[in-house]
Every structure is written in C-alpha cells, then in structure tokens.
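Next come the chains, spelled out residue by residue.
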Amino acid sequence: MTAAETGTDSGRAEPELGEGVHAALASGERPPRPSALSMALTFGWRGLLKIKHVPEQLLDVTVTPVMFVLMFTYLFGGAIAGSTGAYLEFILPGILVMSVLFTTVYSGVTLNTDVTKGVVDRFRSLPIWSPAPLVGALLGDAARYLVAGLVIVALGLVLGYRPQAGPAGVAGAIALVIVFAFALSWAFMTLGLVMRAPNAVMNTGFMLLFPLTFLSNAFVEPSTLPAALEWFVGVNPISHLITAARGLMEGDATGGEIALVLGEAAALTAIFAPLTTWLYRRA
Amino acid sequence: MTDVGLAIEASGLVKEFGDVRAVDGVDLAVRPGTVYGILGPNGAGKTTTIKMLATLLRPDGGSARVLGHDVVEAADAVRSVVSLTGQLASVDEDLTGQENLILIGRLLGYSRARARSRAGDLLDAFGLADAASRQVKNYSGGMRRRLDIAASIVVTPQLIFLDEPTTGLDPRSRSQVWDIVRALVGDGTTVLLCTQYLDEADQLAEGIAVIDRGRVIAEGTPAQLKASVGSGALRVRLLDSAQRDVAARLLAERLEVEVIREADPAAMTAPVADAGRAATALAALADADVEVADFSLGQPSLDEVFMALTGHPAEDSVGESSADREEAA
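Residue numbers (numbering that gives the first Met the number 0), protein chains in the order written: chain A, 0 to 282; chain B, 0 to 328.
No lab work stands behind these hints, which were simulated from the structure alone.
Where is the CB? At the ideal position from N, CA and C, for every residue including glycine.
One or more hints might be untrue.
Straight-line distance between alpha carbons at most 25 Å, and here's what the computed BS3-like set of lysine-lysine pairs gives [as the list claims (entries may be wrong)]:
1. 136(B) - 51(A)
2. 225(B) - 116(A)
3. 51(A) - 116(A)
Part of the chain A face toward chain B, derived, beta carbon under 10 Å [unchecked claim]:
4. 17
5. 36
6. 40
7. 82
So here's chain A without its partners, still in its complex pose (with noise of 0.2 Å):
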C-alpha cells in the first residue's frame, strides 16, 4: 500500500517536472557574450553575496586586530612609548596594516574552498574569460579590506587618535594599504591552489605572515633591535607599507616611500598574477 503510495505521488510530480524541464529548454537562447569587465564584476557581486550570508568572516578579521590595538595600547604603551596616547599614534597605522594583510590570507582559503567543493568545475567550463573568477573575488575582497580598515581607524579614533593630515591623509593611507593587499592577495591565491585544504591555506598564510607583520615597524622602533634583525626589517616590504602609511596619516609620507611600496605592489602582481592565472587554468 506504502509502495503504492509512493509510486502514484511521484507519478504525479514527475511528468510535471519534465514539462517544466522541456519549456525551460526550449527559452534558453544563447546571449551575446559579455565583456571581460562585466564578467569581473559579476564574480565582485558573488564575493559581497557572500560577505552577505557569511558575516562570520567579517568577525575573524576584524576582531583579532581591535585585540592587539587595545592590548598593545594599555599593554605595552606606558613601557615602550612613555605614554598609552603616544604609542597609540605609533601603532595604529601598523595594525591598520596588519588587519587588511591578514584579509588577504582569506582570498585563498576562499579560492581553496571552491575548488575542493568543485565550484571551480562549474566556472571552467563556461565559455567566460578564465581570470575573471580570479580578478571577480578580488573586487569582493576589496570589500573586506575597507571594513578591516574603517574598523581600525574608528576604533583609533574612539581612544583619542588624532591623524595629523585629516580625512585625506587617512583615505589616502587606506588606498596604499588596499592596493598593497590586491598584490599580496594574488601571493595567498597561488597558495589557494598548490595546498590541498582551505585549513592549510590558513594555517600556511599565518605562518607566513606573523612574522613577517611582527618583523616589521609596526610596534616598535627598528633601531632598538639587534643588528640582523633591524636590517631584516629594514628591507621587509611590510615595513615600507608601514612607513608610508605612516606618513600619509601624519602629513610626512614622501614621493620615494609611496612609489617604493607600489613598485613592491606591482612586483608581486607581476609574479603572482600569471602564475595563480596560469595554476587555475588546470586545477
């Protein structure tokens, strides 16, 4: 009686799913094929739908830094700098630094992830401009980027941080850092694609970047620290984002500083961009 049941219910819904499958057929005329640009920024809207539904992911970005600037402030402030209010003005732009680098790492847990759950299947076999999901995400991120940013900013501000240059030199110091991040994002993108688990993406894209965000000018002034270290960090490309960065909210940043951390920008894409390209293309 059961099997009955059952055999009658799906022979009602079936013949309605397939009518409804050959008029679906039948209306599916081929559009003319979209410019590259238009397929980016549809890849953009998925990379926001996404920040949409997963809001989570905006927490663990921007929660671990407003921890280092409360703790680093009243922590070490009074120690390292004489006064919490001093050391916040010299930190601040080096965990505004720190916080959208870190964003970065998630461009390749989140390209990882599509391509273990075979999202990237789909996208390849369309007939699209390969490096459109690639260059798509990166605009989405841009999103993240700008949160982790403003959140940092805001928060500076709450504690009483003053940036000498204003509105301008804050915009400004948010761009160099965001441009900055796009180049660094294609780095971790490579790592997305050579490492078999977004968990391994993680944890591979911290353990270079803790260093390389600590071993910087961030917290503390180079010329305190032993010899090979503070040449370490004078060549460390995230020391001169610092600096910059710096100097753009304090009204002191010069022409060199700023063209040295877009050559930097542009050196990385130019290495990262074609080879993630290139890895995507056999995934």
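Fit chain B to the known structure of chain A by using the hints.
Chain B in isolation, oriented as in the chain A frame:
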C-alpha cells in the same frame, strides 16, 4: 575517419597523474541526440575522461572532438556548446539557489532582469521555487543535484556532461533526475552520462561503454551488454534459515541453474533468464511451505557485469588512490 555527424568522437585519449595512467587509450563515438553511458567503478577513469572532453583537463595523448570542435585547439568553442554537471555538485553552497542561477545567467551574458526571470523559470521547472531564497548548504542531496542540472541549462546546451548524477540520492530523487535526463534528450540535447549503476545506464542510455582501469573493456547497447552477462538474478531471503537447503533445491530444479548460497544464512541468489520462471519458482517455494521473508528480481549489478567481462570484481581501490584523489580534486 572523421565523422562530422558524431557529437563526441574520441580516439586514444590518455591522461596520466604521476605514474598512474588514469585514462589509458579511450575511444568513444557518441551520436547526437542520444544518452551515452560510461559505466565503471570509482577510479576507473570516468571523471578524468569527462574532464578532458569538457576541456578542464588537457589530454596527455590522443584526441577528441566535441560537436566538431577539437577539445584542445578549440576549447572555447567547446565550452560555448556544452555544460558540465560535475560529480561534486558544482554550485556555491553559501549562495541561495536563485543567486546561483542568476550568477551563471549573468556570466553567460543575460541582463540583470533576464537572468532573474530565467532563474525563476528554472527554479519552477525543477521544483525548487520554494527553496529559491534558501542557501544551498541547506538543500537536500536531490535538491542540490537538481539545482546543479538547472545551472547547466541556464543557456540550453547542445551537449551536457553528467558525472554520476544520482550517486547518493534516494530513489525518488533518483527517478526525478532520470526524468530530467529524459526531458533533456527528448529535446535533442546529447547527454554523456557517467554512472556506477548498470540499471541507470540501462534506463537512460542508448549506448554504453564499460570502463575499467582507464580502458574501455566493452561497448554496446544495454541489451547487448546484458546478454553477455545474463539478464538478472533472483535473490530470496527466508524467514527460517533452516529451510535454505530445501529452498535452494527447489529453486535449482525450477530454474535449472546453480543456486548460490550467500553469506547471510537465510539468503540465496539464482541467475534467471526471465521473470516468468522466477515467479513459478517462488510459487513452488510457497507450495512447499517455505516462508519467504523477501525476494527481489534484479538486473545484474556492476559487479556481475565486471565479473563476466573481466573475471575480477569491480574494485574501488586497485592501488589507484592517487588517481582517485586527482579525480576528486
């Protein structure tokens, strides 16, 4: 040699992952407007073959043309006329069903409004209208599979690759997917179907290639394949295992075949040529007061096909774990 009339024409396709030849010289000829089945166990090279035909993997040897376009030289032309529904449901789990379809529609060139209305039509057609604004991670396996196929026909393809579309689905979802496949082919779409199930290939496909360790080991219509294997098996399980010897003797008499006693002490299996004789044999059991707990008259399983064709059972892991991993990746 080149037959322009073929939808898929592959000769000597080879793909290696390290030392493993995942695909080792596969030839295929698929007529347009038909369902063609590739039947084989996990790790046999089905997914790798499909990925080469869908331009996702570059063959290490041999050549293939899909709807007249070479899969290496004219990969973009191939992508413009085919769709792929991968083994892992290739939809974005974080997005809703509707957003997934709009995404594909926009990428293929529909305007925002057209992509939205097309998504709505497809969700209706595939019985997903109620779940349109739910995240795909909350879909059942059958719903996810239907969405996946819907995503493959946002723009009507001339050929669709379906990689194990019903693996892991309940029987009802399975028959829904079969209906969809029949509707696709009824409208003239060519379907290349990978499957582990002989009955699925039998239900849908006009031609079947049986693939094992990267090679086509048999090819033909479902009827030809089954004829080479025997049409099926009667499996009987008794209420009382003490009656098995009596039952086995009765079945052997009526069916004039050898009855295989299974590991389950109350169960046995006998190959049968036609259903009528199986019914007579079951009646004989009843006459002899042998109580039957359940019985089934099934088609030969993939294992039996493999036994008949190769002399060894269909093995999932014949030291090809690395190929499996590559296929899954």
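Results for each hint:
A C-alpha spacing of about 15 Å is found between residue 136(B) and residue 51(A), which places the hinted pair at or below 25 Å, so the restraint holds. This hinted pair does not check out: residue 225(B) and residue 116(A) have alpha carbons roughly 36 Å apart, beyond 25 Å. Between residue 51(A) and residue 116(A) the alpha-carbon distance is near 20 Å, which keeps this suggested pair within the 25 Å criterion. Proximity of residue 17(A) to chain B holds as hinted, the smallest CB-CB distance being about 4 Å (cut-off 10 Å).
Checking residue 36(A) against chain B by beta carbon gives a least distance of about 13 Å; that is not within 10 Å, so the hint is violated. For residue 40(A), the interface hint holds, the least distance from its beta-carbon to any beta-carbon of chain B being 9 Å, beneath 10 Å. Hint status for residue 82(A) relative to chain B: violated, with the closest Cβ pair at about 45 Å, above 10 Å.
Of the numbered hints listed earlier, those contradicted by the structure are 2, 5 and 7.
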